[in-house]
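Residue numbers (this note's numbering), protein chains in the order written: chain Z, 1 to 229; chain G, 1 to 708.
Don't take every hint at face value.
Claimed, not checked - Computed list of lysine-lysine pairs in BS3-like fashion (alpha-carbon distance at most 30 Å, straight line):
| # | chain 1 | residue 1 | chain 2 | residue 2 |
| --- | --- | --- | --- | --- |
| 1 | G | Lys550 | Z | Lys206 |
| 2 | Z | Lys201 | G | Lys67 |
| 3 | G | Lys357 | Z | Lys201 |
| 4 | Z | Lys201 | Z | Lys213 |
| 5 | G | Lys175 | G | Lys466 |
| 6 | G | Lys67 | G | Lys496 |
| 7 | G | Lys550 | G | Lys496 |
| 8 | G | Lys466 | G | Lys67 |
| 9 | G | Lys466 | G | Lys21 |
Worth flagging that the hints you see were computed from the coordinates, not collected in a lab.
Quantities reported herein were computed from a predicted structural model and do not represent experimental measurements.
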Amino acid sequence: MRKTIAIVEDERAIRDNYAAAFSREGYAVRGYPNRREAMAAFAARLPDLAVIDISLEDEPEGGFELCRELRGLSAELPIIFLTARDSELDAVSGLRLGADDFLTKDLSLAHLIARVNALFRRVDALRRPPEEKQVIRRGALTLDGERMSAQWNGEVVLLSLTEFWIVYALTRHPGHVKNRQQLMDAANVVLDDNTITSHIKRIRRKFQVVDEKFDAVHTVYGMGYRWVE
Amino acid sequence: MGRLTDLMNYGPISPFRLRTKLLLLALTTLALPWAGCQYAREMETVLRESEQQSLLAVTTTIAGSLKGRQELLFRADSLPGDTGNPGEGDITPVVLSGAPLIDGRADEWDTDARNVVRVAGPGGDSLRILAATHERWLYLALLVRDNRLVFDASELEPLVRENIGDRVWLAFDDKRGGQQRLFFGGTGVGPLRGRFIETREYGREQAVEEPRIEAVWQRTRNSDGYVMEIGVPLSMVGQHLGVLIDDRDRRGATRESYGTLDPSDLRATGRLIAASPDLGDHLRQFAQPGVELSVASATGATLTRLDAPALPGDYTRFRGFLPRMYRLFLDGDLIPRSVTEAERQRAAQDLTQRAVKGMPATTFIAGRYENSVTVAAAAPIFAADGKRIIGVVQLTQTADRWLTLRDRALTRLLNLTLFVTLFAVGAAFWFAGRMTLRISRLGQASETALSREGNLSRVLPEASAKDELGDLSRSFSSLLGRLDEYTGYLRTLAGKLAHEIRTPLTIVRSSLENLESEANSDNARIYIARAREGSERLGAILSAMGEATKVEEAIAHSERQRFDLSALVRTAVDAYRTAFQARKFACEAPGDTVEFTGAPDLIVQMLDKLIDNAVDFSAEGDTITVELRVEDGFADLSVANPGPALPAETSTRLFESLWQSRTEADKRPHFGLGLYIVRLIAEFHGGSARAENLADGSGAIFTVRLAR
Chain Z
1 MRKTIAIVED ERAIRDNYAA AFSREGYAVR GYPNRREAMA AFAARLPDLA VIDISLEDEP
61 EGGFELCREL RGLSAELPII FLTARDSELD AVSGLRLGAD DFLTKDLSLA HLIARVNALF
121 RRVDALRRPP EEKQVIRRGA LTLDGERMSA QWNGEVVLLS LTEFWIVYAL TRHPGHVKNR
181 QQLMDAANVV LDDNTITSHI KRIRRKFQVV DEKFDAVHTV YGMGYRWVE
Chain G
1 MGRLTDLMNY GPISPFRLRT KLLLLALTTL ALPWAGCQYA REMETVLRES EQQSLLAVTT
61 TIAGSLKGRQ ELLFRADSLP GDTGNPGEGD ITPVVLSGAP LIDGRADEWD TDARNVVRVA
121 GPGGDSLRIL AATHERWLYL ALLVRDNRLV FDASELEPLV RENIGDRVWL AFDDKRGGQQ
181 RLFFGGTGVG PLRGRFIETR EYGREQAVEE PRIEAVWQRT RNSDGYVMEI GVPLSMVGQH
241 LGVLIDDRDR RGATRESYGT LDPSDLRATG RLIAASPDLG DHLRQFAQPG VELSVASATG
301 ATLTRLDAPA LPGDYTRFRG FLPRMYRLFL DGDLIPRSVT EAERQRAAQD LTQRAVKGMP
361 ATTFIAGRYE NSVTVAAAAP IFAADGKRII GVVQLTQTAD RWLTLRDRAL TRLLNLTLFV
421 TLFAVGAAFW FAGRMTLRIS RLGQASETAL SREGNLSRVL PEASAKDELG DLSRSFSSLL
481 GRLDEYTGYL RTLAGKLAHE IRTPLTIVRS SLENLESEAN SDNARIYIAR AREGSERLGA
541 ILSAMGEATK VEEAIAHSER QRFDLSALVR TAVDAYRTAF QARKFACEAP GDTVEFTGAP
601 DLIVQMLDKL IDNAVDFSAE GDTITVELRV EDGFADLSVA NPGPALPAET STRLFESLWQ
661 SRTEADKRPH FGLGLYIVRL IAEFHGGSAR AENLADGSGA IFTVRLAR
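For reference, chain G alone in the conformation it holds in the complex (with noise of 0.2 Å):
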């Protein structure tokens, strides 16, 4: 009987093959949020273009609201180019978010900003302007380089030729087209105020202070001259700005005059580029919270700028880790890297200067915070004949909320996918680990059916399952049982066989006897022993072929008794002793009583066979070593004898009903059953039968084991 084993063998089997397949199958479920990011890119996509076009309509509105009005960007119906020339004393105000404080010091003023207008005096001397809008409030900031700071003599008597030291004066455009000119002066540093010179009745002259206007002076920390602070509410001041400088040595010495006013007459001829104070009111109209408004001049200097309300809500972007991972591998280029103040302020004027070409522009600049960002537009403001543009309206809103809407969102489509994704790999797993398990379930069981030579087992684990390993089983048990119907067959195909050339044997046998007892010539005679010992032999190989069977009756029929194993097996040898006499027996069996329950007979006939068979495989004066040695539970018979080595594949094959090793011509008959015997009285007793080569390869050892 072959084993199928044999065939199933193709190779090792790892026991994970199934599962790891199965695996990666479910990993494929990862595509999943990858698709799901995909998706969420497209979305952001969508999200972001509509949000940089309804920004831009905002601002594109704004704009429009903003057409033709030159009042409220400049404080005059007309635009700054249209009077004066453009030059170089034009004083561009910063737009601050608060208030400076007038305090006649420069730290708080940018004082390298590019809007600071210098004018070089004599002897060293020089002015830089510095200002600012805040509201309805203009400031400036005049740091003055002079070696030598003189104050006027009196407070009461400004005019006064004698009395008069370093002055500082401030002219400017009124509403009406008037002149207004402003001096400044004073007996000592702090605060100070303007004052108009007036002419009253007989030209009599007068200093009146302007009470709207405030001023501080200090000296430089290293004397080096001196700063003053002026505020200017933004109503007084038309659309042109001065200032000039008198530097006297001393009191009452000739003015060495510098500035961006006319010496000889006072007269303001710079621009002041800034918006009116009504168009910061009429932006707050349009103010939404986390967007910032600001409004800049054609040229691009900003007007005014309207700082963004809070957003109410909590827009904190990713947190946790998993959050952290996702945008790993989602912001990519959505975001723009984090950037320096000088790069996000050049890609604002870069917007404005694409406005200002008359193309309504928006982009996304990164915002001031790690991983913020802002989306911006800019519309350009056109005059009222609608072809001139007269500025920009920029809008920079804070993309943080809907990115904060766009995380969450991933956020949870990536946790639940990730959350299907382990649900299915664990679901694969399990499956897997199942079929895994039913499958070598499954094949251990038809294995051990099938090594359980004789006695298939037909009954197979899954049989009464539905899908296709129930088939399996099913189809297996079906073999099997074929198989088992085979190995039947051959098992008493020996018996029958020999129960069927009986007749005939013994037609013949009695026929030789019968022509024996005629009166024969002596050659007959010859003839007939010679077929007399033939159907002899005949016989001897019937018997022997049914000998199985035999025994498997007499085991059907065998009756348990106790017995001393020990002192059977003592008895035993000895009478081998006598009965194999060109062989040497050796026997280790313990001197004490070995209680055993079976049947004796059995087991002396299963010495038999394996005497037998070490017997057959020794040569003479050979020892055979027959050993009982007893262990709880069980008892191992072994019978040893010096000789030729088993083959090696046969060791399990040997107890197998008609197997046959022997090579050498033997005259008695030999079906390989004596072994098979042993191994049907072996299990009777609940035990086994198993061949091995001696250590040392000198012979081989039979050792049957025995449960008590």
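Looking at chain Z on its own, in the form it has when it is part of the complex (with noise of 0.2 Å):
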């Protein structure tokens, strides 16, 4: 069965290129225009992703209230805030909201369609028992590639996928200095700086909220960040 995409954006004409997008990878998609619209739709029936702008016509943050309310009625539905938006707040509240990501749409549509991707993949595998493979364990972390989930001591790490990307990278290779632009390719991004420095500065934080000493990741100035067991 195909798998349902929601887009929820204003914009006609991005709407109908991203729906063309997904379609092209054999995703069935719906678009609509405002919140009323989508919530309407929802009700009846939920899509299996949604993708929503935070402006969406005469309502300037309908985009968050929305996922709220999406959230209300799935805890597991993929949600990927899409915006022209690109602000450290909006980030924030995006994620804080349960989104599953946070976009800017300067992102191509190739690195959409790799993060919507890698977005089932994970919900298909939190269905599955967990494979051992998959799984890296580096000191007090436990990343689970399938899953796309992290652990600290035992205790769940939520991280978007782009965080869970950037951990990804850094772990692979303990020690060695990933800089932007490959922390960047890893977690299908295209961003500047200060974005990068924002995520490493939530992915930091979150691990401190399950421990406060958490000190794994490292600013090297001027290169990078490396994961230190």
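With the hints as a guide, bring both chains together as one complex.
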């Protein structure tokens, strides 16, 4: 059965372009221009994944509201924020509302599709029993590449998809410095320096929530970051 | 953003301009003392005239009281001119202020005075008659040149021919119209008595002493003659008086007579022009403090004089420095220059002459002392018929009293105006100073408010002042406010623009990506690739435009931590060596740990921008020098590169948003945001950024000062 992706985007051209791209990948796509129509449809039937713009027609924060309502309907549904707004504050707000990823519209369609596929893979993986071979252990850290989930000292650390991929890239070769470009490639994103810095900061903070003494991500100034066990 | 200061700099501004102007303005109060002086002069003129008039009135009154009183003026009902002929024998005594000592010495007499009567005798002998009056006495000094003084042989028998030596005869009218004749002679020098010759019974003549008349004779010092002083009560003497010398070569010899008497009958023909002693008493009733009274005959000879009683009180004129200064420009023509005694007398005589012609007259005469002035008035005394003029009354009053009063008033006025002027000048100075201070404070505040590009502080001093400066300040504030809004608008414009363009760009890009996946001809793929390249560049431009906003956000969310700044710089430079292999890097950072509190990510980002800039402006193979110098309280991080010099006027503007001074075509998008970000980060660390040319002109150096 084809998976359904809902695109909530008020710009018709963009919505249609995304829809075309997802359709080409074999997904069923439904587009909504605003929160009202989207919620009406979601109430009838949930999609398998939602791509939401923050600013929706007359509601500048409509996407956030929609995300909250959608999370109310389903805790597992993957939600991606895709927006022209790229401020730190928006990203933090979006992820705090339970979105799985926060992407800017700079992202190419290919990258977007890679992320969507990854999210579906994660959803599928979560339904299957865990496979040991996909699991990376680095000291207190346990990474499940299939489920795209992270644990620190056995406690789950909720990472967004981008964050997960950054941690994943850093821990594949602990002690090696990964520069920003490498991290961007690993995360399938095109981000500027400030956004990478913000992601690293958020990752540290999320680990610090479960362990105050967490200090495994080191900054190598001018070069990048490395994972230190 | 243009700088208002550039508009304001129309010339060098001296901080004293306003103050000087107001000071000059305040100096116009100096016209106050000037006006005061003018007023004082006017007042003085009035005062002087009234003084003259009142003195003249008194003079006229006195003259009126003497109308027809010949007997007071001349001790007789007839005038001197009425009897006999005016001639050489007239004796005009001077009026003395004190009685002379009758001692046979001529020392105290003025032997050259105009009133001296000279008579030549035989054989080179001569007689000089000097006369003076004091109160009720007539004094005569007879200066006789005689080569041989012959004394009488006997005091007891003065009338025996053989005994008679040199004799002096004094003859005068008495009040009853008779003639009095006295002779003086003696057996030696010293006091002697005048004697009448009385004819007794049988024609016997006898010499009788006149006790009321005093006389002393002495030889002159060089023995060329003798001096005889005689004191006669004025009450004895009528209108005529004369002296005769009987000179004898030896006792009993025939006399050789000469003098002002007729030798045959010893009758006095010369007039004695002197006032009655009662005139003094009469005048005394008009005496006033400070007023000198004198009466002169119609010929100008002084008949009597009443010296001025002393003025009560202290009438010393200006004392002290300031009053002296005042007098310099006050007195001017008011006070006659100090004059000689002769000039003073001539002035008095001129006045008398005018009165003699029948007109009362008044004038100012310089006083005897420096800076003293007298006012004099003269009025004619008419005879009983009211036509003839028998004499002149002259009053002289010292002006010291009212001059002193004027001086005091003036001093007070001038002191007051000087004080007011000083106060006004002081007040103006203070006001100007305060004004200048306020204006310059406002000016400075508005300048600094402007120079802090981007962050205008809208609160200016004086905003609460209720005067025009307050208005100005509020106008400035609202102007700056609008400027601030405008600057803010400009600052966020790039970000907003980037955001607005992003949506259509997304449409273009996603459309291209979709198009790419369709089956296309080779040509179409080329065009699509070009279009994608273009849209990617557009995207890069957009993110560069939004970068400043992002950095501002990043700064807002930054957390400070302690780290080793030196290690950070060294690591970063190592990274640049790898990243920019076409450049060489020199790093001069302390080997020790440099503890620093800040945001290391931001510091690195700032360094990135500086290095980017240095790389852009240097050539391949050049060495870029990164230096960290640590001082007390701050650290200087500088990046120097060889290359073109900075345009002179841009050294501060370089760090402004969207300032772009590069000219060469460059493929990478440049919005001059790099150095703006440097500034933002430096300011976040309590520091500042500046750009300079290297001293040898070989390139530029950008220095960021960070507070530790």
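Here is how each hint holds up against the structure:
1. G:Lys550 to Z:Lys206: holds (22 Å)
2. Z:Lys201 to G:Lys67: At roughly 132 Å apart (the allowed maximum being 30 Å), Lys67 of chain G and Lys201 of chain Z break the hint.
3. G:Lys357 to Z:Lys201: violated (127 Å)
4. Z:Lys201 to Z:Lys213: holds (15 Å)
5. G:Lys175 to G:Lys466: Roughly 99 Å between the alpha carbons, so the hint for Lys175 of chain G and Lys466 of chain G is violated.
6. G:Lys67 to G:Lys496: Violated. Lys67 of chain G to Lys496 of chain G sits at ~120 Å, over the 30 Å cutoff.
7. G:Lys550 to G:Lys496: Given pair Lys550 of chain G, Lys496 of chain G holds - Cα atoms ~12 Å apart, limit 30 Å.
8. G:Lys466 to G:Lys67: Violated, at about 81 Å.
9. G:Lys466 to G:Lys21: Within the cut-off at roughly 23 Å; holds.
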